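Taken in order, these protein sequences are the chains called A and B.
Numbered per our numbering, the first sequence finishes at 1011, counting up by one with no gaps.
Numbered per our numbering, the second sequence finishes at 1011, counting up by one with no gaps.
Hint data in this document are derived by calculation from the structure and do not stem from the laboratory.
Nothing false has been slipped in among the hints.
Note that identical chains are pooled: a pair holds if it fits in a single copy or bridges any two copies.
Straight line, CA to CA, 27 Å or less: simulated BS3-like cross-link-like pairs of lysine-lysine:
#1 1008 with 838
#2 750 with 765
#3 922 with 959
#4 712 with 765
#5 838 with 765
In this text the structure is predicted, and so the values were computed from the model without any measurement.
There are 2 protein chains.
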Amino acid sequence: MLILALDFGGTKLAAAVVKKGDRHFQSYQRTLSPPKANSSTDIQIMRSLALELLNGEKPAAIGVSFGGPVDFKTGTVRLSHHVDGWENTPLKQILENEFQAPASVDNDANVAALGEHRYGAGINYESLCYITVSTGVGGGWILNSKPWRGSGGMAGEIGHTVVDPSGPLCLCGKRGCVERLASGPYMAQEARTRLQIDLNCGHILRRICQYQPENITGLLINQAAENGDKIAIEILKKAGWALGVGIGNAANLINPQRFILGGGVTKAGPHFWETVQQVARQIALPEVEFEIVSAALGDEAPLWGAVAMAEDLLNKSSE
Amino acid sequence: MLILALDFGGTKLAAAVVKKGDRHFQSYQRTLSPPKANSSTDIQIMRSLALELLNGEKPAAIGVSFGGPVDFKTGTVRLSHHVDGWENTPLKQILENEFQAPASVDNDANVAALGEHRYGAGINYESLCYITVSTGVGGGWILNSKPWRGSGGMAGEIGHTVVDPSGPLCLCGKRGCVERLASGPYMAQEARTRLQIDLNCGHILRRICQYQPENITGLLINQAAENGDKIAIEILKKAGWALGVGIGNAANLINPQRFILGGGVTKAGPHFWETVQQVARQIALPEVEFEIVSAALGDEAPLWGAVAMAEDLLNKSSE
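Chain A on its own, in the form it takes in the complex (with noise of 0.2 Å):
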């Protein structure tokens, strides 16, 4: 039996075609969206993909990754913060017109927590967190084993709790998120802004940005971290503590055994984690146990948890 997993991220499509119980992709896709894409694009060129992995064959079942939010119950995705056209979209519809195969739709980070779950980091774990940290920071949980996805599928939204209400405004329109000071864009756009007020800082990550502000990423910013630039450590140092009153609040609340942290943010060093391990540590309460460490499935546990959604439909419909 065939399984489908898709991912539509923000920016790019991937998708591949998995033999049930399988734990390798039998053939795999992965594009960048056009400039100027929207929902129609978007679908267009995901169906060629899998139309073109599938060879004529047809899948069993169907697992999807959005990037957005998503009304599990009925596979609707609400909208894209990044590609128009997406309000209401009924996704999951589309794909079993499109396939003749059942589908199950979901955010990208429920689906990434499920896959890290199902055959990542969190294998033999009954309960965790999934936290992305990228553009944005998201985040997915398990708990009993199975996603809690929360009362009107909004849950994970780790990035949005404050942790400094005196901090500086989020586009949300609070002070203080998490994402605020731990994603990719702000981390860069502190950067810039830390440039321009004083001349004479920054050297290493001046020149990193080869002297073009606008260059600036978070990778970069690591990059002079790692070569000693003081306000590169600063921001990243800043981005960990963040991150880690946010893990440490949330250890507090919900007491799982893991956090599982993706992301491009957290493909730094030990700037970064050994401040989000120290804080979270700090927070938490002494008899609140816990364990942060690293996403097993990189970039592609969106999809492997997209392969999980789909089994279960297999497993559920053959019970």
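Go by the hints and put chain B onto chain A.
Leaving out everything else, chain B in the frame of chain A:
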């Protein structure tokens, strides 16, 4: 079939006997712990209360609420922050030996959450967070209509989530915990400090505490606030703000349907409640829906939760 429900509070002991399926106590007793109570005296007193209530009959099952951390799986009390000698007491085993009936023991916030879920403000709600704001600030979760205790039984510690990292120091060693800002004794401490610093403020509060600041309690602060005392209003609003941030953060993380607030401090008026509601709504993302309501069972929530635990034991054994 008779159910025996016990509530070991920090300063009081309560017991009730209920017929399985009934929604009123057949008999009920409540007493204060003696001044120099320890675990032995508390168990002794509770034993007397229970034997009197049972009047020669044998309970079919026992449910127990304990005011401190409990290992639910073994029914062992970890410790009490209020009464000496409870360290690692096998309370479930002691009660099962004494009464020759199965017993279930959990900490008071989890038990009260279950009580409100089964018989109070949480009926028909699949997911809720019960928060008691009193001497301390504790919480208990119901997710998928069942208690969520966390991997080590420590979930629900909303009182020690940090909402203001530059705030005042909490006994736990951190700054700006919800408990540090919203619990009754800390509010009273804050009021005493404010009255001491500025002799020209808080006239209404001074009068209400009969010019003896050591008499100030959360209740008196509320009375003073209702009568227009500025210091009292500020302190209550700060407490409401802290609890609101904690609730908003918890809503973003877990997205439960309801927050149910109990405990002495929540008997405060609109200065407190309106702030809690407004701040929680500001902190939660617009898509995250929830309600904040008063507990329906008041001080009896732990006893009714204990009844629910005992009923679950009976239903389990008849399966």
